[in-house]
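Visitor: Input sequences plus hints: build the corresponding full structure.
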Amino acid sequence: MNTTTLKALLLVGAIGGTPFTALAETPATGDPVCDALVQVANDLYLVDSDGASLARFTSDGLPKHSASLAPDGSMVAFIPDAAPSTFTVADSKGGSNSYPADKLDKHHKSRAARGASDATGGTFVGVAWATRDIVRLDWHVSPSSDRFEFYRVPRDLPSWLREAAGSSVGAVCAIASREDDVACIQGNDIVVDGKVVYSDSGFTGAPQQDSLTLPVGGSASVQGIPGLEVEVVSIASGITLRVTLPTGNWTESRVDPGDFLPVQLADQTLGFFPTVTDATNGIVKIVVLSSTTGQNVFNRAIAWRLRDRGIAVVQNSGAGPALTLLTPKGRSGWGVLGQAPMGVQAPVESMRFVTPRLLYFETQAQFGIVPAAIVRSSSGPVLQVGAIATLASSLTVNVTGTPISTPALTWACRPPDHYRRP
Amino acid sequence: MRKPLHVLIALASVGLVCSAGATYAQSCAPGKAGCIGGTSPSSTVRLQTLTTPITPSVVPQPMQTPQPACTVPGNWVDAYGGVITILADLSGSIKLPYCNSAHALTITLQGTTGFDVNASWSGGPECIPFTESLTFQGCDTATGTFVNADGNSGFDTWTRTSVTQVGIATDAPKIPTASRVQSGRVLTHSNLTLTVTTDGQPAAGVTVALQSSRGADDTIMGPANPTDSSGVTTAFVETRLQPGTSTITSATPEIQTASPGTITWVPARYESSFLVTCYVVSLEADFVSTPLIGPVRGLPAANRYHRGFINDVAVQGSGIALDGTTIHYDGGGRYSLQSCPLTATGVCAVDGTTIAVDRSVIPYRSTISVDTVGTRVAQDTGGAIIGYHIDEYFGTRRADCITAGRRTLGVEFESY
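Sequences listed follow chains A and B, in order.
The first sequence maps to residues 0 to 421 in numbering that gives the first Met the number 0.
The second sequence maps to residues 0 to 415 in numbering that gives the first Met the number 0.
Calculated from the structure, these hints are not laboratory results.
Any given hint could be a false lead.
Restraint ranges, calculated between C-beta atoms of paired labels, are given here [stated by the list, open to error]:
{"id": "1", "chain 1": "B", "residue 1": "Ser182", "chain 2": "A", "residue 2": "Thr203", "range": "23 to 33 Å"}
{"id": "2", "chain 1": "B", "residue 1": "Pro175", "chain 2": "A", "residue 2": "Gln207", "range": "36 to 46 Å"}
{"id": "3", "chain 1": "B", "residue 1": "Thr407", "chain 2": "A", "residue 2": "Asp59", "range": "41 to 51 Å"}
Even glycine gets a Cβ: it sits at the ideal position worked out from N, Cα and C.
Guide: Spelled out as structure tokens, the structure:
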């Protein structure tokens with residue numbers, strides 16, 4: 000196989016050029032090997048970065064969408080346009096099978112099932128490789144949520160597939176390679192097996208829009224936003240606030256101590272943080288914060304670190320999308336292992352670890368690989384993110400004897416040949 | 000850069016018959032003050048060549064019957080070194096060697112027999128206004144008498160040189176796939192096909208500059224290449240200022256606009272088709288078989304709801320409780336009561352109107368037309384709507400939403 004290496008992609012030693020010492024992760028040196036999935040005359044091919052054909056996955060010439068390449072480049076999954084309620088998995092040896100998305104084997108014994116949502120239904124909109132052996136089916140449910148199902152795909156492509164984990168709901172979900180955990184982004188929460196393990200209100204460091212002091216039954220306008228009013232309805236069993244929008248519609252919620260009421264406006268999200276300052280006289284102070292990230296703190300991308308040592312998400316921040324590594328911390332739940340700007344301009348739409356310190360990602364306009372490693376500095380462990388190596392978004396391929404320029408649908412990057420797992 | 004489009008006219012003069020204060024043998028020309036040798040080099044040269052008794056270099060031809068097809072636009076020249084450009088809209092300009100700069104002309108047709116020229120300016124001291132009435136002698140020659148503002152007059156012959164024209168055809172505006180909303184506005188794009196001819200024949204290797212009637216509100220790119228052997232080249236124009244109409248014309252002075260390109264910027268079709276799905280509000284009535292739970296975080300402490308309903312609201316976003324109230328999921332396990340199923344823009348979601356969009360593709364509050372679906376308004380959004388994806392609000396029609404399924408449809412942007 001004519002493979003192509005990505006030069007100048009440096010892992011430990013080159014990250015930031017600083018003399019950090021890697022933590023107890025196996026040093027991986029060398030370059031990953033990346034091949035692209037392309038579609039020519041409706042058929043799917045694997046090509047190297049020079050456009051040379053490495054494998055042909057389909058030969059029916061029929062329109063298809065949602066094509067996805069297995070992380071090792073060995074198989075593809077796609078939805079035929081002519082049968083949008085099914086998906087097909089094909090390998091490079093001529094093997095393929097089609098599966099009805101809504102009639103698969105739901106029996107599983109995964110631990111992830113415990114936290115799975117009991118949601119059902121939705122519209123089948125996509126199929127994607129979640130791990131080397133598992134495909135993820137995407138059922139659209141609402142503007143904020145899709146429902147995801149995971150199915151193990153044996154290499155012999157049998158006529159049936161078995162579910163690898165229970166159905167999960169969120170903007171996006173990922174399954175751990177050991178198939179025992181599913182992590183999802185649900186609004187501003189990161190949820191693993193149905194439990195919130197990390198949350199970002201979206202108001203950390205957000206500027207204050209207003210500060211109001213009101214009695215129960217009192218109301219006031221919020222400074223700077225004409226037509227927006229807040230009223231303290233009661234302070235029994237929490238503080239109940241009613242916010243009337245400029246449109247005249249209202250939202251009302253009972254806010255627990257220390258919590259807040261989020262209110263989405265067109266271009267910003269306001270957080271109403273109430274505290275009772277005088278319970279005897281029923282006086283409430285309300286701090287109003289304004290956030291532009293609001294209820295979209297996270298990009299729609301989530302990935303398990305290799306060997307399931309935590310998950311990676313991309314958080315919107317003032318400095319642009321920032322990579323955040325989360326890891327279990329014993330019985331105390333999960334914590335942030337490190338966070339650093341990722342160096343991309345557009346939101347990250349998909350990502351996957353190639354090695355413990357090398358992350359493949361996709362944005363709307365970019366494919367790339369970025370080194371990301373936890374290193375030890377004088378101030379403690381920090382996440383270091385290196386320079387992005389961009390992969391071509393279009394290629395001149397020669398799969399039919401005639402060179403043709405075509406967009407890369409996705410890339411599969413494999414670890415360097417001499418990479419060794421510990 | 001704007002350049003007037005013009006056609007050259009040479010004042011091929013002939014005999015000069017000056018009167019009213021001009022010496023008979025002196026150089027008298029249209030717009031030339033005093034018909035006496037001026038100070039400009041060209042005038043001096045001409046004076047030297049014309050100091051002999053006048054012998055017209057071209058004898059006025061007897062009046063011929065004009066050809067019905069004769070047109071005025073073109074480049075006209077005469078022996079005085081004058082160049083007159085008359086455009087298709089009969090605007091024109093004149094450049095005389097004894098004047099400092101080009102000046103505007105007023106052209107008036109005399110039916111199909113000829114045309115009147117009225118040059119009025121306050122240019123250099125040697126330039127004065129003049130009028131001239133010309134009659135076609137064949138389509139590419141016109142003769143007549145000029146009368147300067149100082150009373151001098153003379154006979155003149157103009158000869159039309161070649162005419163290069165461009166026809167500009169436009170594509171229906173589209174919204175390019177790679178473009179994104181900026182400052183709440185979409186990018187609309189129209190391809191231009193330019194066909195250049197000289198005297199009616201394809202003109203290869205011609206470089207044409209273009210201009211828009213809306214100036215800097217539009218961005219014109221190209222043509223990147225001169226015309227090919229068929230006289231054709233391409234360019235495109237883009238804008239974020241909709242609605243409106245742009246007229247694209249030649250900005251190259253020597254090239255007339257035979258037919259301008261006209262673009263009405265909306266409606267504009269998205270180049271990419273959209274994934275169209277649907278969403279509904281949850282109904283507690285559908286979950287009465289599940290146990291009651293409460294209090295639910297954010298909702299009135301005394302209220303109890305069916306567990307399946309609360310879980311479904313977290314997925315769907317909004318739901319209608321058995322008591323008719325609207326419950327919304329605020330994220331983070333929090334719920335709230337609302338006056339109606341609220342959208343991200345603060346208005347109530349309406350079946351048949353509301354769609355959820357990615358704001359980087361379709362701006363909030365804009366009206367679009369979805370093929371086979373109809374007109375919808377972008378009022379909502381969500382973390383599961385990325386790129387070319389429209390989520391259509393079906394209200395409580397869950398069964399219809401399931402039936403509708405996944406659709407791939409074309410979309411037209413109509414208005415903000």
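Visitor: Against each hint, give a clear statement of whether it holds in the structure.
Guide: Evaluation of the provided hints:
no.	hint	verdict
1	B:Ser182 - A:Thr203: 23 to 33 Å	holds (27 Å)
2	B:Pro175 - A:Gln207: 36 to 46 Å	holds (40 Å)
3	B:Thr407 - A:Asp59: 41 to 51 Å	violated (19 Å)
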